[in-house]
Amino acid sequence: MTFKDYFKKYPNEEGYFGEYGGSFIPPTLEEEMKRINEAYYSISKSHEFISELRSIRKHFQGRPTPVYYCNRLSEKYGGRIYLKREDLNHSGAHKLNHCMGEALLAKYMGKKKLIAETGAGQHGVALATAAAYFGLECEIHMGEVDIAKEHPNVMRMKILGATVVPVTHGLKTLKEAVDSAFQAYLKDPINTIYCIGSVVGPHPFPMMVREFQRVVGIEARDQYQEMTGELPDNIVACVGGGSNAMGIFSAFLDDKDIKLHGVEPAGRGIDKEGEHAATLTLGSPGVIHGFKCYMLQDKTGEPAPVYSVASGLDYPGVGPEHSMLKDLERAEYHHIDDNECIDAFFELSRLEGIIPALESAHAIAYAIKLAKANPKQSILVNLSGRGDKDLDFVVDTYGLPEDREA
Amino acid sequence: MNRIDNLFQNKKQDILSIYFPAGYPNLNDTVPNLELLQTAGVDMVEIGIPFSDPLADGSAIQAAAKQSLDNGMKLRLLFEQLKDARQTVSMPLILMGYWNTIYRYGVDQFLKDCKKIGIDGLIIPDLPLEEFEAHYKSDFEEYGIYNVLLACPETDEVRFQKLITATQGFLYLVSSSATTGGSVKLDEEHKAYFNRIKKIETPSLIGFGINNKESFNYACQYANGAIVGTAFIKALKKNKAKDFIKKIK
Chain A
1 MTFKDYFKKY PNEEGYFGEY GGSFIPPTLE EEMKRINEAY YSISKSHEFI
51 SELRSIRKHF QGRPTPVYYC NRLSEKYGGR IYLKREDLNH SGAHKLNHCM
101 GEALLAKYMG KKKLIAETGA GQHGVALATA AAYFGLECEI HMGEVDIAKE
151 HPNVMRMKIL GATVVPVTHG LKTLKEAVDS AFQAYLKDPI NTIYCIGSVV
201 GPHPFPMMVR EFQRVVGIEA RDQYQEMTGE LPDNIVACVG GGSNAMGIFS
251 AFLDDKDIKL HGVEPAGRGI DKEGEHAATL TLGSPGVIHG FKCYMLQDKT
301 GEPAPVYSVA SGLDYPGVGP EHSMLKDLER AEYHHIDDNE CIDAFFELSR
351 LEGIIPALES AHAIAYAIKL AKANPKQSIL VNLSGRGDKD LDFVVDTYGL
401 PEDREA
Chain B
1 MNRIDNLFQN KKQDILSIYF PAGYPNLNDT VPNLELLQTA GVDMVEIGIP
51 FSDPLADGSA IQAAAKQSLD NGMKLRLLFE QLKDARQTVS MPLILMGYWN
101 TIYRYGVDQF LKDCKKIGID GLIIPDLPLE EFEAHYKSDF EEYGIYNVLL
151 ACPETDEVRF QKLITATQGF LYLVSSSATT GGSVKLDEEH KAYFNRIKKI
201 ETPSLIGFGI NNKESFNYAC QYANGAIVGT AFIKALKKNK AKDFIKKIK
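The listed protein sequences correspond, in order, to chains A and B. Residues 1 to 406, numbered by the numbering used here, are exactly what the first sequence covers, in order. Residues 1 to 249, numbered by the numbering used here, are exactly what the second sequence covers, in order.
No lab work stands behind these hints, which were simulated from the structure alone. Be a bit skeptical, because a hint or two may be false.
Simulated pairs of lysine to any residue, SDA-like, Cα-Cα distance not exceeding 25 Å [claimed, not checked]: (1) K256/A / D327/A; (2) K11/B / S52/B; (3) K107/A / A40/B; (4) K66/B / S284/A; (5) K158/A / K256/A; (6) K112/A / E35/B; (7) K34/A / L129/B; (8) K12/B / N26/B; (9) K158/A / E144/A; (10) K34/A / E154/B.
A few chain A positions that, by computed beta-carbon distances, are all more than 10 Å from chain B [unchecked claim]: (11) E14; (12) E32; (13) S55; (14) A132; (15) V165; (16) I288; (17) M295; (18) L351.
We treat Cβ as the ideally placed atom computed from N, Cα and C, and that holds for glycine.
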């Protein structure tokens, strides 16, 4: 298929990317999704909205974020590895790109409160930041397990004035946080808006979040070309729900020769159920949280338990657009396990002076593999977030590399 | 004739429909619960197929679904339990569940098993009407299984009219725009919604927020009857199911 008019055709009016996506929601949510969809098309395409968002991106978020060439990493492993530095986006991850967009839309719609789930806390922090900027209330739902693991982000959300609601059912991680946030949203859909944290959920969320994240790819493409005079051979991004990956992939879809690599968490091993979240690698089509996608599930259709060292990646579903890109073979999806991720975390820190988020470290780990196998190729990695939130957890759990070797 | 049509033809008001999750509170309680409800004079029952991420349900039903899943309840097992239920249970039976459970089971096989057991209708809150009509309507018709649709106060007039025509058996009216387990509100906004319901000819039941005789009677002024879920589950948990039905009827 051609990707020429891609953004006009995908998703279609009902929110489908091929057979994935759509809107599998109770009627209590149906009307509100329709309203958000209409508001998105009427408001977010207005000159006023675009100007305000562009100004926010420049003056508040500090965009454009740079593209950076990894000298020592490339020297050690071969290839030419470049990073799109979304870790330098205000609040430390790409998540603020769609949060500012969603919050601005909420403001235009007259909403009073933003509700969302968060896994690693990156989306929660970004939304709390956006809420503070616009003077809106903010309520973040987060699994108890993640609250314990991501203490710095919990503190940041609270300092920014958000209410953090601990989620205590099930595995107490991302999926349960989504359930809980939906519940809270359903109680008052008129005054609140659910700002979902990735390219997931019922239509129009996967489309909206992608559109707000496209800035990553648009910038990176220009910057890379300006730096090198050409386009990269490979694009690499980690995939939980898939927002940062869609952000960067979107600018290269129509360049058939550029390989798009999504990297999923293999956790403690993809051969063990419940020990990974390699949804596109091992999942099958299903419906979760209001949309159709590849999904890790058991024989009866119950979402399977998932795990990753990176709290932002352990989700049993995945963006519908990624599900379609996999079937079309336009993007390839790989997996990296916890140990490879931790190694890459330290490797990038020590070779480049950049501490990546554990989520992004999955992308770095795969880029290293790719560079070793293809020393003549260039690789552009979306470094979706910084690792400050993970420091205590990594050091307490894994120790420093020198301690591990001892 | 479908038992649901039969019910609404023979009884125009005060229809009491009860919801409870399969395999709750104990795994093998499904059929005993049905028999208890039939003896107590309940008109119709909705059996919930437990799912771990039920978007339309409040915390009480979520917790009950969780317990039912933990008890080991699965769709396959539910069909097994219901195999001979029709020997003792004659009231209309509806299964309520989320789409992924059914999709994963295989829609055709699911409908076939429903028919074999004598299920009359389905309530699938997260299956949109458009998706149903485009892909599954003819299968449902082939097996004679009704797809009962839901409407809520926010449903606009155009959509409401569409639902009235498209629903099969009756229209399930959500009384407040929230998840299950709240309480029915008697404010002006809801009066307008309920008055809209009163005018329609399609049989209708009010669900969500009916928890005692007072709210049941209130709902019955506007619709042909009401559905009680959360409040009944609480009674089941306390082993007071019979008393509860007696009080509400």
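Evaluation of the provided hints:
The straight-line distance between the Cα atoms of K256/A and D327/A is roughly 15 Å, inside the 25 Å bound, and the hint therefore holds. With a C-alpha separation of about 35 Å, the suggested pairing of K11/B with S52/B is violated against the 25 Å cut-off. Distance restraint check for K107/A and A40/B: the Cα-Cα separation of roughly 52 Å exceeds the 25 Å cut-off, and the hinted pair is therefore not satisfied. A distance of roughly 23 Å separates the Cα atoms of K66/B and S284/A; the hinted pair therefore holds under the 25 Å criterion.
About 45 Å separates the Cα atoms of K158/A and K256/A, which puts this hinted pair outside 25 Å; it is violated. Annotation: proposed proximity of K112/A to E35/B is violated, straight-line Cα distance about 48 Å (limit 25 Å). Our distance criterion of 25 Å between C-alpha atoms is met by K34/A and L129/B, whose separation comes to about 14 Å. Restraint check: the Cα-Cα separation between K12/B and N26/B comes to about 34 Å, which exceeds 25 Å; the hinted pair is violated.
In summary, the hint linking K158/A to E144/A is supported, as the alpha carbons are separated by about 15 Å, within the 25 Å threshold. Proximity of K34/A to E154/B is assessed by CA-CA distance (about 11 Å); at most 25 Å being required, the pair is judged to hold. Distance to chain B contradicts E14/A as a non-interface residue, since its nearest Cβ pair spans about 7 Å, not more than 10 Å. Not every beta carbon of chain B lies more than 10 Å from that of E32/A, the smallest distance being close to 7 Å; the non-interface claim is violated.
Non-interface call for S55/A relative to chain B: holds, since the shortest CB-CB distance, roughly 34 Å, exceeds 10 Å. The Cβ of A132/A lies farther than 10 Å from every Cβ of chain B, with a closest approach of about 28 Å, so its non-interface assignment holds. No beta-carbon of chain B is positioned within 10 Å of the beta-carbon of V165/A; the least distance is around 13 Å. Residue-level check failed: I288/A sits 6 Å from the nearest beta carbon of chain B, not beyond 10 Å.
A Cβ of chain B approaches the Cβ of M295/A within 10 Å, the least distance being about 8 Å, so the stated non-interface status is violated. Every CB of chain B lies more than 10 Å from the CB of L351/A, the least distance being 42 Å, so the non-interface label holds.
Checked against the numbered hints given earlier, the structure breaks hints 2, 3, 5, 6, 8, 11, 12, 16, 17 and satisfies all the rest.
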